[in-house]
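Asker: Spelled out from the first residue to the last, the chains are:
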Amino acid sequence: MVYYCTRCKRLVEIDYEAMGIRCPYCGHRILIKQRPTLVKRVEAV
Amino acid sequence: MKLKVIDKTDTEVRIEIVDESHTLLNSLKTLLLSDPRVELATYHIEHPTITEPILFVKTKDVDPIVAIKEASDKLVEVFEEFKNLFNDKASM
Amino acid sequence: MDIDIIELSDTKARFVLNDVEPAIANGLRRVILAEVPTMAIDYVNIYDNTSVLFDEQIALRMGLIPLITDLESYVLPEDCDCGGEGCTRCQLSLNLSAEGSKIIYSGDLLSSDPKVTVADEKIPIIDLRERQTLVLEAVAKLGIGRKHAKWQAGVGCGYKNMPVITIKEDCDSCGRCVDECPRNVLVINNDKLEVTDPLKCNLCKLCMGICDIDAINVIEKPNSYIFNIETDGSYPAKELVIQGADTIILKAGQLKEILSEIE
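Same order as they appear, the protein sequences are chains Z, D and X. Going by our numbering, the first residue of the first sequence is number 1, and it counts up by one from there. Going by our numbering, the first residue of the second sequence is number 1001, and it counts up by one from there. Going by our numbering, the first residue of the third sequence is number 2001, and it counts up by one from there.
The shape of chain Z in the complex, shown without the other chains (with noise of 0.2 Å):
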């Protein structure tokens, strides 16, 4: 799964099992997961 870090705004690949939730590169631990491409409805209500 791919994220985004929210310090060194890079994209980052995250093993879990590995290291749980941090930033391989800076160690930050704040990460937010990528908006899918596929195109979403929402109604106007």
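FYI, nobody ran anything at the bench for these hints, they're computed from the structure. Here the structure is a predicted model, which is why all the values come from computation and not from measurement. Check each hint, because a few of them may be wrong.
[To be verified] For each label pair, taking beta carbons as the anchor points, the in silico distance ranges come out as: (1) D/His1047 - X/Val2164: 45 to 51 Å; (2) X/Arg2176 - D/Asp1019: 50 to 56 Å; (3) X/Ser2009 - D/Asp1019: 31 to 37 Å.
Every residue, glycine too, gets a C-beta built ideally from N, C-alpha and C.
Once you have looked at the hints, place chains D and X on chain Z.
Answerer: Then chains D and X, alone, in the frame of chain Z:
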């Protein structure tokens, strides 16, 4: 609009009018009552969101369906008159 | 029936309707509020949204933007030949592609039909900061106000009875009713009580209550109404009133047609 005739005799009719509200039925009821051949005209909405209005018409001698048809004609006339009058006054 | 137009502008209409039954006046009010079809955004396809608002919040904000309605080229989805699936007769799309930093207004929406555009170009949708993007396609359809408030063409529509204010001969011009009146309808001119504009009166009857000698009387004139109509911009006010009457004519016609079938 859909109609369901619940019961009908020679002088009485009870119709469920699907997808309508006070907007049409109240005006229609008033016009039905102005007809001298109509003895009773009323409608009832048991619940405003889950049930449909039921129109009840009782006449003296004519077919109640004919009375409703004439009342809807009258309603068209009233609003045609209003529309033309408003159009004339607004374009002045 | 008689009509006196007091005020008529693009968004507002004010007129006096005389000699009609209360049910007819109320029918007109109800039809303008909830049954005149108007264009509004039904759903939004979101391609990208890195703004601070959720997709759902943006979609709601888009839905509430009034669109100028063209009833000649569009029909209600349920009356359309396509059966409501969506075709060029019953829907159109508006596109938005924006990047920060700036405020995105309703005027930034690009309509696929030049006749149907936003009624007001200065409605803010979202404030985008740097590197935030918003790419979407909004699909607008006709609908009626009974289903959702975004399809309400007449956002303000109401009426009151025509007030008739009579001042008797034995009025001593004490002026207490002048102070009491919240709408400043009454005035003392040359030691005589006068009515300035009866249309402003809201029939509160405070003047009747304060007068010890019952010299002033306010009554509601039966079958005479002052209508106040305000639109959201999707129709000019004149068009809205005419569409309202047309809608009820259509309903009555449908009723007659169906009754002829079952007879």
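Asker: Determine whether the Cβ-Cβ distance between X/Arg2176 and D/Asp1019 falls within the hinted range of 50 to 56 Å.
Answerer: holds, 54 Å
Asker: Just tell me: holds or violated, for the beta carbon distance of D/His1047 and X/Val2164 against 45 to 51 Å?
Answerer: Since the Cβ atoms of D/His1047 and X/Val2164 sit about 39 Å apart, the hinted range of 45 to 51 Å is violated.
Asker: If you check the beta carbons of X/Ser2009 and D/Asp1019, does the distance land in 31 to 37 Å?
Answerer: Given range 31 to 37 Å: holds, Cβ gap about 34 Å.
Consistency with the previously given hints fails for number 1 only.
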